[in-house]
Amino acid sequence: MNISTIFWWIHEFFGYFIMFYMVLIIGIYSSMLIFAYFHIKKGVRLDRFSENDENLKMIYSKPVSVIVPAYNEELGIINTVHSLLTLQYPQFEIIVVNDGSKDQTLQRVIEEFQMEKVSRTVKRELPTKEIIGIYESTVHPNITLIDKANGGKADALNVGINVSKYPYFCSIDGDSILANTSLLRVMQPIVTSNDRVIAAGGSVRIANGADVQLGTVVSSVIPNNPVVIMQIIEYLRAFYMGRIALSKFNLVLIISGAFSVFSKKWVIKAGGYSVNTIGEDMELVVKLHHYILKHKLNKRIEFVPDPVCWTEAPDNLRDLQTQRRRWHQGLLGSLMIHKSLTFNPRYKRIGMISMPYFWIIEFFGPIIEFSGYIYLIISFMVGNIYLDSVIILTTLFLVYGSFLSMFAILLETWSINTYPRIRDICKLMLFSLTETFWFRPLTILYRLQGIIYYIRGREDWGQLQRRGLSK
Amino acid sequence: MIENTTLYYALFAIAILFLAIISIFIYLVINRVYQMKREQAICQYIEEQEDAWYRYLVLGENLSYLSGSRVQEPYVKEAIDRIFVTYAMMINNTAIIERISAFARLNAHSYYQNMLYHRNWGVRMNGLDRTLDFHLDFLAPDIEKILKQKKYSSMEEYLMLLRIIAIYNESLFLAHFYKPDYPFKEFEYKSLLSRLEEHYIEHFVENFDQLPPFLRISLLDFLSFQTRVEIKYLHFYESLLDHFEPEIRVRALKVIGQFGMITSIDLYKPFVHSESWEERFMLAKLLVHADDVEARPLLEQMVLDESWWVRKQAAVSLNSVRYGAKVLLQIAEQQEDPYAAEMAKEILGVG
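Chains as they are written, first to last, in the numbering used here: chain C, 13 to 483; chain X, 1458 to 1808.
Only chain X is shown next, with the shape it has when bound in the complex:
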């Protein structure tokens, strides 16, 4: 039997839930109406002023009416911000960024500053994004303050703050970079390295052995994505080939592969018999950049490797060095190692 009191509770719960449903529904509808109104105002401003903004941002014309009283109207700053984001993303030209920054300094200082202190995480992140992308140097003291007072609540926020401070305060940046408040691993270091100026990178290369372990790995990965043609970098990479950490050796081989040149084959010969298949694989990959005569016998050995990945890469590399196809054909025709023969046939396309 269901008692009367239970039913009263049920009725009470129904009333509360029903009220909640209605409230959510009303909120959703009002919110939609507000959003539509806002969107309409923003679009209207953009439509009316897009030519003027083009003339100011791209052609560099001095249009004082853009910073007139209309900036203070509702939604106009949001509309201008949207125009800035589009230009910064699509064109990303130094002169345009300078003009954005100059306009923001005079007309939207508090708009962007308030974003940095907003209670919603998403808005704070947007504010940090703008500070970085639009080079809002007038906000640098705020960034320093936030960092010093530790007013951040997530790793994402902290990373953005560091990216910005790297531009304005080297010593504060390095202090955090070497001893971060959150545990940094590859992703964090890589995302910071990608935004740093060249002198930081040179500093890290010179002090490689003193760097935290994850930074070392990340730095090598970062360098492999960059086109650096100076020979000093090749010497640096090759100096790491006898590093005691296997991970560093693999990454060094990888970055040398990207560099596209080696100094002496003798440095690489020991890797043919390396215990790690990753090292053998990376070697097979970079040997395309070595002298044909020196690379061929090494690759020939590696087509017979016990690892499938090494065999495959060695066959691919062999096929691209001079007279390598002939060697592959011989391997394809021999009987002793059917796996190597099969791989050679596949690469030659005669399977």
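For reference, chain C alone in the conformation it holds in the complex:
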């Protein structure tokens, strides 16, 4: 057997492997799409929230502590808190946790909301870095500001949990803006399930290009920046396709850190946020599932598609690279910590479906796709494949990706209808056709870099440049 035969065998094997992977992915995504379709279609013409206030107060009798961890968020934090103040919810408090910011975050919050230092004992149910000071607003009695030593987002959230006085908490990124009914909507599964649901997450939308005034998104249009447009499409696809189907079967492993609610009791039992990982949001959800299954509890974690949280997306490739790198690094970190769950029948659906799904589709996805690109190039160079075949396969990738994107846009118009202009739909459609040629390969490279960072044990986060959402 000579080298060229071995090469031929490897090449052949790899070709079939990629083919098999593609069929698998198409199968999984298509079935997720069907579930999402029926789920969204059901409520497509429902007028939401016709309940009067009195009933809401009685039924939504579960008060919520909204925790906003902030590290160098001086540009966005005031808008975020203003948006939280407009929330329609019977009883909630806002806890801003300044995680040792080097900018003016602390001062800006103190000045804007007229905060005064108070002495308050804190029950340390979760171990955290030291609290430097606690401030309360003299104008809004439900805002508290915590100043603490820098310890990362997870540590800041744990401090927020310790300080919070209500049985549920909602975590919001310091640069995010909530629609005023979002808290009611995201708490709905918890309230209506009679506490069977212990955590719920909402959809995240990109606010670049939206008109934000005093913490409220007044109108949204698709901006002209291609990096942002591609992310809008990507977010719609991720939230409308994957998560609805996963949530239906209690398989959700990621509910967005940008906007989610948790039952405090169970989070404390599971040990709170882990401070040693990047991607603490996924890590907490996996920990909760781990705890639920270990103690054989009948609890659920859900994704709710229509409560919306607006966030600022990276608008240039460098920031996008940092973001994607750390997402993938965080994903791998969480998967590695909980690797004992993978294919472990004791952990039922999470062990047998969720974990393998995240390993095979989410984690290995970029590696296999990258290999696919390399395979096509090598095959073409050694003459095993003709140019027309390359074109056909690439087109298949392209149209399937665009099909999923279009479908997600359709589901979006049926549920929230963020972008009502025809011009915006055309823009989304055209850009979704270009994804395979530039955006997809780039994000694959960034995610591969995340794997390399993980292997080399690098823990630096990289700081994203905020521009602030207000105009």
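In short, the hints are calculated from the structure, not lab data. Do not rely on the hints blindly, as some may be mistaken.
[Said to hold, decoys possible] Derived list of chain C stretches under chain X, where covered just means 3 residues or more per stretch with a C-beta under 8 Å from a C-beta of chain X:
no., region
1, 202 to 215
2, 360 to 366
[To be verified] Dumping the calculated DSSO-like pairs for lysine-lysine here, alpha-carbon to alpha-carbon at most 27 Å:
no., chain 1, residue 1, chain 2, residue 2
3, C, Lys-53, X, Lys-1783
4, C, Lys-54, X, Lys-1783
5, C, Lys-74, X, Lys-1605
6, C, Lys-177, C, Lys-281
7, C, Lys-53, X, Lys-1802
8, C, Lys-54, X, Lys-1494
9, C, Lys-281, X, Lys-1642
10, C, Lys-177, C, Lys-311
11, C, Lys-277, X, Lys-1742
12, X, Lys-1607, C, Lys-54
13, X, Lys-1608, C, Lys-260
14, X, Lys-1636, C, Lys-311
15, C, Lys-177, X, Lys-1742
16, C, Lys-54, X, Lys-1534
17, C, Lys-54, X, Lys-1608
18, C, Lys-439, X, Lys-1742
19, C, Lys-53, X, Lys-1534
20, X, Lys-1642, X, Lys-1607
21, X, Lys-1608, C, Lys-306
22, X, Lys-1607, X, Lys-1636
23, C, Lys-53, X, Lys-1607
24, C, Lys-177, X, Lys-1802
25, X, Lys-1608, C, Lys-141
26, C, Lys-53, C, Lys-129
27, C, Lys-129, X, Lys-1802
28, X, Lys-1742, X, Lys-1783
29, X, Lys-1605, C, Lys-177
30, C, Lys-135, X, Lys-1602
31, C, Lys-74, C, Lys-439
32, C, Lys-306, C, Lys-260
33, X, Lys-1783, C, Lys-135
34, X, Lys-1742, C, Lys-54
35, C, Lys-311, X, Lys-1642
36, X, Lys-1642, C, Lys-260
37, X, Lys-1802, C, Lys-54
38, X, Lys-1602, C, Lys-277
Heads up, the beta-carbon is just placed ideally off N, CA and C, and yes, glycines get one too.
Once you've looked at the hints, dock chain X against the given chain C.
For chain X alone, coordinates are given in the frame of chain C:
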């Protein structure tokens, strides 16, 4: 090597997917155009007729032209429905609701009736919402029929049907309420209780021990959100303090706290040593309504409680009873229990 047949399949798949993309795109655009046209027609009607509707709904003027032939024009019923929803939500006055109902009976009977039988769940739910909010009593037979024939597909729909039938058919409602088709827990009972008339609540209070367990808990929670000043309710709550179920005792303590009065401190003293911290916590909270002299020693004991939550609540309550601050100051200065001292200092604001 990629075989030719595979490539043909790929080409076929591309063609199908491409067609699907184009179809979705065309659908989206047509749908947008239709939506815009509809929205325009609705807005135009509202703009033209809002004064007339104000005069009919709020001032009660009899304007026969509102129910003229224009009602049959496309989108007009939707526009009128939107006006009704806005008035019902914003003003919610009995006379306005009566006028909405009267208009609907004469001019939009089949419009609202069709909503109840629509194949889309969202539209059915909207129809049920309107039946309830606009008091569309002419649809009561339809609601009964839907319930009897079990033509509902979700808990949300079932709950709405029960809320409506509670107004028109007491026996049918109670039959479902006690033996629901879906398993009812706290949320379901609470959302129904909030819409029931007073005689139902009195009936449940009188038959408390015969109620399903979740209904008992929900009823107490519901009562704690209501302002009921009759002393008979206090007697009812206090009668539950020695109930065998801990959950009922906690909720009874909570609702008494909301009531804002107690009859005798002796009923409450045993809870200082209760095994459940929730009971001790609720006691600490309600003691602000007791006599100062009787409450102080109990709260003083509870500031030293092993539970942080009880300690905190006891200190807060102690600070609000007469001479309680003095007691707190003593606790803050003592050395034996540093946790209690710290809590006392925080509440006094001298930390």
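Hints, verified against the model:
Remark: the region 202 to 215 of chain C is confirmed as covered by chain X, as 4 of its residues place a Cβ nearer than 8 Å to a Cβ of that chain, reaching the required three. Counting residues of the region 360 to 366 of chain C whose beta carbon lies closer than 8 Å to any beta carbon of chain X gives 0, which falls below the threshold of three, so the coverage claim is violated. Restraint check for Lys-53 of chain C and Lys-1783 of chain X: the C-alpha separation of about 64 Å exceeds 27 Å, so the hint is violated. Straight-line distance between C-alpha atoms of Lys-54 of chain C and Lys-1783 of chain X comes to about 62 Å, which puts the hinted pair past the 27 Å bound.
Pair hint Lys-74 of chain C plus Lys-1605 of chain X does not hold up; C-alpha atoms about 34 Å apart against a cutoff of 27 Å. For the hint pairing Lys-177 of chain C with Lys-281 of chain C, the CA-to-CA distance comes to about 17 Å; that is within 27 Å, so the pair holds. A C-alpha spacing of about 57 Å is found between Lys-53 of chain C and Lys-1802 of chain X, which places the hinted pair above 27 Å, so the restraint is violated. A hinted pair counts as satisfied when its Cα atoms are at most 27 Å apart, and Lys-54 of chain C with Lys-1494 of chain X qualifies at roughly 24 Å.
Distance restraint check for Lys-281 of chain C and Lys-1642 of chain X: the Cα-Cα separation of roughly 25 Å lies within the 27 Å cut-off, and the hinted pair is therefore satisfied. Only pairs whose Cα atoms come within 27 Å are accepted, and Lys-177 of chain C paired with Lys-311 of chain C is accepted, the gap being roughly 23 Å. The straight-line distance between the Cα atoms of Lys-277 of chain C and Lys-1742 of chain X is roughly 21 Å, inside the 27 Å bound, and the hint therefore holds. Taking the CA atoms of Lys-1607 of chain X and Lys-54 of chain C, the gap is about 19 Å. The hint holds against a cut of 27 Å.
About 24 Å separates the Cα atoms of Lys-1608 of chain X and Lys-260 of chain C, which keeps this hinted pair within 27 Å; it holds. Restraint check: the Cα-Cα separation between Lys-1636 of chain X and Lys-311 of chain C comes to about 25 Å, which is no more than 27 Å; the hinted pair holds. For the hint linking Lys-177 of chain C to Lys-1742 of chain X, the alpha-carbon distance of about 15 Å falls within 27 Å, and the restraint holds. For the hint linking Lys-54 of chain C to Lys-1534 of chain X, the alpha-carbon distance of about 23 Å falls within 27 Å, and the restraint holds.
Distance hint between Lys-54 of chain C and Lys-1608 of chain X is fulfilled; the C-alpha atoms sit about 16 Å from each other, no more than 27 Å. Distance check on the hinted pair: Lys-439 of chain C and Lys-1742 of chain X sit about 59 Å apart at the alpha-carbon level, beyond 27 Å; violated. For the given pair, Lys-53 of chain C sits about 24 Å from Lys-1534 of chain X by alpha-carbon distance, which is consistent with the 27 Å threshold. Restraint check: the Cα-Cα separation between Lys-1642 of chain X and Lys-1607 of chain X comes to about 20 Å, which is no more than 27 Å; the hinted pair holds.
Using a Cα cut-off of 27 Å, the hinted pair Lys-1608 of chain X and Lys-306 of chain C is violated, with the two alpha carbons roughly 40 Å apart. Between Lys-1607 of chain X and Lys-1636 of chain X the CA atoms are separated by roughly 14 Å; this keeps the pair inside 27 Å, and the hint holds. Annotation: proposed proximity of Lys-53 of chain C to Lys-1607 of chain X holds, straight-line Cα distance about 22 Å (limit 27 Å). For the given pair, Lys-177 of chain C sits about 19 Å from Lys-1802 of chain X by alpha-carbon distance, which is consistent with the 27 Å threshold.
Only pairs whose Cα atoms come within 27 Å are accepted, and Lys-1608 of chain X paired with Lys-141 of chain C is rejected, the gap being roughly 57 Å. The hinted pair formed by Lys-53 of chain C and Lys-129 of chain C fails the criterion: a straight-line CA distance of about 50 Å is larger than 27 Å. For the given pair, Lys-129 of chain C sits about 15 Å from Lys-1802 of chain X by alpha-carbon distance, which is consistent with the 27 Å threshold. For the hint pairing Lys-1742 of chain X with Lys-1783 of chain X, the CA-to-CA distance comes to about 19 Å; that is within 27 Å, so the pair holds.
Of the pairs offered as hints, the one joining Lys-1605 of chain X and Lys-177 of chain C is violated, with about 46 Å between alpha carbons and a cut-off of 27 Å exceeded. Proposed proximity of Lys-135 of chain C and Lys-1602 of chain X is contradicted: the alpha carbons are some 56 Å apart, above 27 Å. Restraint check: the Cα-Cα separation between Lys-74 of chain C and Lys-439 of chain C comes to about 42 Å, which exceeds 27 Å; the hinted pair is violated. Between Lys-306 of chain C and Lys-260 of chain C, the direct Cα distance comes to roughly 21 Å. Compliance with the 27 Å bound is thereby established for this hinted pair.
Note on Lys-1783 of chain X and Lys-135 of chain C: the hinted pairing holds, with a Cα-Cα distance of about 25 Å set against a maximum of 27 Å. In summary, the hint linking Lys-1742 of chain X to Lys-54 of chain C is not supported, as the alpha carbons are separated by about 45 Å, beyond the 27 Å threshold. A hinted pair counts as satisfied when its Cα atoms are at most 27 Å apart, and Lys-311 of chain C with Lys-1642 of chain X qualifies at roughly 15 Å. Our distance criterion of 27 Å between C-alpha atoms is met by Lys-1642 of chain X and Lys-260 of chain C, whose separation comes to about 21 Å.
At roughly 56 Å between alpha-carbon atoms, Lys-1802 of chain X and Lys-54 of chain C are farther apart than 27 Å, so this suggested pair is violated. Annotation: proposed proximity of Lys-1602 of chain X to Lys-277 of chain C is violated, straight-line Cα distance about 44 Å (limit 27 Å).
Of the numbered hints stated above, those contradicted by the structure are hints 2, 3, 4, 5, 7, 18, 21, 25, 26, 29, 30, 31, 34, 37, 38, listed in ascending order.
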